[in-house]
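Based on the hints, put chain B in the right spot on chain A.
2 protein chains.
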Amino acid sequence: MHKILRVNMSTKEIITEEREEYKLLGGRALTSRITYDEVKANCDPLGRESKLIIAPGLLAGTIASSAGRISIGGKSPLTNGIKEANSGGIAGAKLARCGIKAIVVEGKSYNEKTYILKIDKEGIDLIVHDDLKYSGTYETVAKLREIYGEKSGILCVGLSGERGLRAAAIALNDPFGELKFAARGGMGAVMGSKGLKAIVVNDDVSPFMEYHDREHFLKIAKGLNKQLATDPKTKDIYQKYGTSSIVKAVNAMGALPTKNFRFGTCEFAEELSGEKLYETIAARGGKGKTGIPCMNGCVIQCSNVYPDADGESIVSTLQYENIALLGSNLGFDNLDVVARLNREVNDIGLDAIEIGAALGVALDEGIAEFGDEAGCMALLHEIRRNTVLGRVLGNGALVTGQVLGSDRIPAAKGQGFPGYDPRALKGNGVTYAMSTMGADHTAGNCFGARNEVDPLGREKQGMLSRDTQKKMAALDSLGFCIFARVPLFKDPEILSGLVNSLSGSDFTKESIWDIGFNAIRLEREFNINAGISPAQDRLPEFCYYEELKTVNSVFDISSEEMKKAIIE
Amino acid sequence: MHKILRVNMSTKEIITEEREEYKLLGGRALTSRITYDEVKANCDPLGRESKLIIAPGLLAGTIASSAGRISIGGKSPLTNGIKEANSGGIAGAKLARCGIKAIVVEGKSYNEKTYILKIDKEGIDLIVHDDLKYSGTYETVAKLREIYGEKSGILCVGLSGERGLRAAAIALNDPFGELKFAARGGMGAVMGSKGLKAIVVNDDVSPFMEYHDREHFLKIAKGLNKQLATDPKTKDIYQKYGTSSIVKAVNAMGALPTKNFRFGTCEFAEELSGEKLYETIAARGGKGKTGIPCMNGCVIQCSNVYPDADGESIVSTLQYENIALLGSNLGFDNLDVVARLNREVNDIGLDAIEIGAALGVALDEGIAEFGDEAGCMALLHEIRRNTVLGRVLGNGALVTGQVLGSDRIPAAKGQGFPGYDPRALKGNGVTYAMSTMGADHTAGNCFGARNEVDPLGREKQGMLSRDTQKKMAALDSLGFCIFARVPLFKDPEILSGLVNSLSGSDFTKESIWDIGFNAIRLEREFNINAGISPAQDRLPEFCYYEELKTVNSVFDISSEEMKKAIIE
Chain A
1 MHKILRVNMS TKEIITEERE EYKLLGGRAL TSRITYDEVK ANCDPLGRES
51 KLIIAPGLLA GTIASSAGRI SIGGKSPLTN GIKEANSGGI AGAKLARCGI
101 KAIVVEGKSY NEKTYILKID KEGIDLIVHD DLKYSGTYET VAKLREIYGE
151 KSGILCVGLS GERGLRAAAI ALNDPFGELK FAARGGMGAV MGSKGLKAIV
201 VNDDVSPFME YHDREHFLKI AKGLNKQLAT DPKTKDIYQK YGTSSIVKAV
251 NAMGALPTKN FRFGTCEFAE ELSGEKLYET IAARGGKGKT GIPCMNGCVI
301 QCSNVYPDAD GESIVSTLQY ENIALLGSNL GFDNLDVVAR LNREVNDIGL
351 DAIEIGAALG VALDEGIAEF GDEAGCMALL HEIRRNTVLG RVLGNGALVT
401 GQVLGSDRIP AAKGQGFPGY DPRALKGNGV TYAMSTMGAD HTAGNCFGAR
451 NEVDPLGREK QGMLSRDTQK KMAALDSLGF CIFARVPLFK DPEILSGLVN
501 SLSGSDFTKE SIWDIGFNAI RLEREFNINA GISPAQDRLP EFCYYEELKT
551 VNSVFDISSE EMKKAIIE
Chain B
1 MHKILRVNMS TKEIITEERE EYKLLGGRAL TSRITYDEVK ANCDPLGRES
51 KLIIAPGLLA GTIASSAGRI SIGGKSPLTN GIKEANSGGI AGAKLARCGI
101 KAIVVEGKSY NEKTYILKID KEGIDLIVHD DLKYSGTYET VAKLREIYGE
151 KSGILCVGLS GERGLRAAAI ALNDPFGELK FAARGGMGAV MGSKGLKAIV
201 VNDDVSPFME YHDREHFLKI AKGLNKQLAT DPKTKDIYQK YGTSSIVKAV
251 NAMGALPTKN FRFGTCEFAE ELSGEKLYET IAARGGKGKT GIPCMNGCVI
301 QCSNVYPDAD GESIVSTLQY ENIALLGSNL GFDNLDVVAR LNREVNDIGL
351 DAIEIGAALG VALDEGIAEF GDEAGCMALL HEIRRNTVLG RVLGNGALVT
401 GQVLGSDRIP AAKGQGFPGY DPRALKGNGV TYAMSTMGAD HTAGNCFGAR
451 NEVDPLGREK QGMLSRDTQK KMAALDSLGF CIFARVPLFK DPEILSGLVN
501 SLSGSDFTKE SIWDIGFNAI RLEREFNINA GISPAQDRLP EFCYYEELKT
551 VNSVFDISSE EMKKAIIE
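Those protein sequence lines, which keep their order, are chains A and B.
Under this note's numbering, the first residue of the first sequence carries the number 1, and numbering increases by one thereafter.
Under this note's numbering, the first residue of the second sequence carries the number 1, and numbering increases by one thereafter.
Here chain A stands alone, though its shape is the one from the complex:
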């Protein structure tokens, strides 16, 4: 079963197609392939010609740990190029078990109704759910779980997505009903602009995967799962701190976005650190937790629930990028504040990175003060209330900066910078400018290689970015979380073995990376057709002129070096 589910929001027609040729594609490789095949490259990303593609990773639904991520792709209203954003949560595995390789949402609903797409043993239907119109993501997920079962896998947009705001993300539930986000690129705006509020999937129809060689698969997967589970980093770092483990390291290298990227170190980094997060959660107890999985069967379990002083949950999960963009970047010295802002951002349905970057620009332009929680919360309420200022902010960092007249907009190719100042981690600057995804660290984060390639050096950044891009694109296609990368990069035969025993393919440990290569090649061609030219392969002006004080550096990677990052 290699089904493509095609949902036309103009006509409300639903059809399924068998597409054998997509058998060896999944996740990003498949969303990018379908986008390339079907989406008119120069269409309006929020118009009727645009499509939203949802595809679980190739290994989603299997027992391989940390491999159930789901990709959401199409044309980004921020970059005007191709985009893929992936996320944990439980929907990926459920779709895969239903034999659904991808959902293609096309057309645009021109009535005022709010639709959800329901997939379960009773069939596949578009259901009007006006009760959910402009509801927050928390309420949406809670209601849908109540109606369709708490094991339902859900993807939904918040009010920001329904209103077509370009910073809108897509929320997905984890096994406990907490939210994860396919955040970047404004894919929530694409979904919302079509009139689709949510997708609810239950795998009650076929809760098992079909394997080409089940036994072999189980053997490899169990070996991987054991390696991941017993790696000391899992227990000592991931399960305690999750992604927030890197706060202090990024700060130490001078790359922590602070007050709209004016500084690369933050005097409050200790207060925002993973260590502080872990201590706080441990001390407060109650609903606070660390070491919980965002996907069933994941042995890494890096998620947390961050509680308030009374032990009530504020948000789950508090992550590095959100701490950087909603914390230091906005001048906050306190994880409680970050958690509260994060909850509100989540509920509105926004990408925390994009909105953090937008708020940073707004504060820098004097719309409120850095470090003023009430001020920032009021700005988020503007978005909720759909005021003009709210719509400006909700359209992301670039629109916010253009409207407010900023000449310090931390964005590349239309998308806000994530949590690494490119002047202090230059490999990421290369990724922001050169990757097919715009300023998105997940497309090729060079932080992990900081001991191999000098983050401030002018050499080797192009190849480093390129290599990281390629590997990440492969993981994104297979459904793997980046936290599983160490054994996979060390022994890519695990990857080829898993795919081959699932699908009957004949990948080798070398050729398995082609999944990433090929995806990026298609993405690049789409982008060229969409009008993204080498002229856009750059960072904003201030990165070249304004020295980042802590590291005494501007972004100074030569155009030749930059071009080495291109995969074509």
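It is worth saying that the hints were derived from the structure and are not from the lab.
C-beta atoms are modelled at their ideal positions from N, C-alpha and C, and glycine is treated no differently.
Hints are supplied without guarantee of correctness; some may be wrong.
[Claimed, not checked] Ranges of calculated distance between the beta carbons of each label pair, as one might list FRET restraints:
1) B/K113 to A/G177: 42 to 50 Å
2) B/T387 to A/G177: 58 to 66 Å
3) B/A142 to A/Y545: 32 to 40 Å
[As the list claims (entries may be wrong)] Within a straight-line C-alpha distance of at most 30 Å, the following computed DSBU-like cross-link-like pairs (lysine-lysine) qualify:
4) A/K549 to A/K235
5) B/K248 to B/K151
6) A/K113 to B/K549
7) A/K40 to B/K549
8) A/K108 to B/K259
9) B/K549 to A/K460
10) B/K460 to A/K40
11) B/K259 to A/K549
[Stated by the list, open to error] Interface residues of chain B toward chain A, partial, derived using beta-carbon atoms under 7 Å:
12) D44
13) G164
14) P175
15) V388
16) V392
17) N395
18) G531
19) A535
20) E541
Then chain B, alone, in the frame of chain A:
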């Protein structure tokens, strides 16, 4: 004397260079050449790497009628491509008589001071004029004329330009101190972003032109002037109605933008017509006038002063585009309202077309009502007060539509549509999508050929647009007004003869058009380097899907036909 005046706003240095190689270039040909030669194509148009180029037409300063226009060029913050906007007024001739081929304003002032550039027999200086900070264009011009003499040629920006709003224009004074505008492309934002409020030029140093063959020049020029002066259209149409003469014709063909381009005919067209304008001015008397020149020595004299019921001037000059964009497009049925809005738009320093398109989108999104003068005036006051909504509107139609979530944004390549619905005048649709200038009718207005090529036909539109683009680029380079075109197009030897006897060149009646061709070729290459690709050669989605009722037509020109308009 072929001087380039180079003004560096970062260092406040002024230098002059002799540039013999620019001898045969002027106006648009020269602004585009310098932009091509000197401006980094992918720079931030409002950043320090951007430049503003000001060049009088090649024939400016001579006695040839209607040839004193001045071009303002550089990289547009709306289109992100090259731009040239030209205007009447008296500065063009004065600069030419000072031997100044072009002013290149570079760098960016990073202090808070307001500068003017003064050019007269005492020298060339940057003068701090903080008294003019954020002043309106009317006050600015009045004060500068008071200080530097009422014969001063002035270019200035209003508060919108100083604030970097992308719909900002550059205002120029006519012989009577009334204002004309180099409106399109947001060049006022480029000037303002550099910290330059105004340029004041007096030709007291050298009030005469140098001619290669003065006698021959005078002979040809007098012949032309006589032809223009005695053409019945001059007296019966241009001097009575000016550009507003076409309101009824555009309405009759169904191309008059009405309520954000929802309709192509307006039931109040009679009330907005040139005939009504003329009658009103004649009946009210007082300061009202028709048949006045915007440049010294122009025999066409198409300008008017539109008075209120008491005979006091409201605005000068009320033109077709402004009547269309601020009138029918906003649902108004009354020239008095249009004139009042136009005055306010002028004073803030905005492009009336861009802001009319932006207001149309805003009204369509319910920010105020169509036909509500107080509502529209309040929106303009938001711009004056520099509120967030004001900044949204002041950044033009595209930003307004993106922020407000419109899927009906009348803009191509980032620039708002002028007063011709491309579904009813398809040649102009081709120009909007294909020319180097974005949606700018002055780059190739096919209205004049409506009797030769069916405005609704699918054939011949590409070649028509191409031919018109080429000819307009030549006129823009020589400094000629479009109203002088009939004898010039009929007998291009007038053009070559004028240029040759002025400059000692050897243009023929065929090769004289190369001035336009070559300018467009450079512009196109700049645009490619700036990242404008064929993917952007299109109109907004609604033009392809939403039938314009009066003509029962969508925009349906084939890609093949569109490509015929490309000059490369």
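Structure-inconsistent hints, enumerated in ascending order
1, 2, 4, 5, 9, 11, 14
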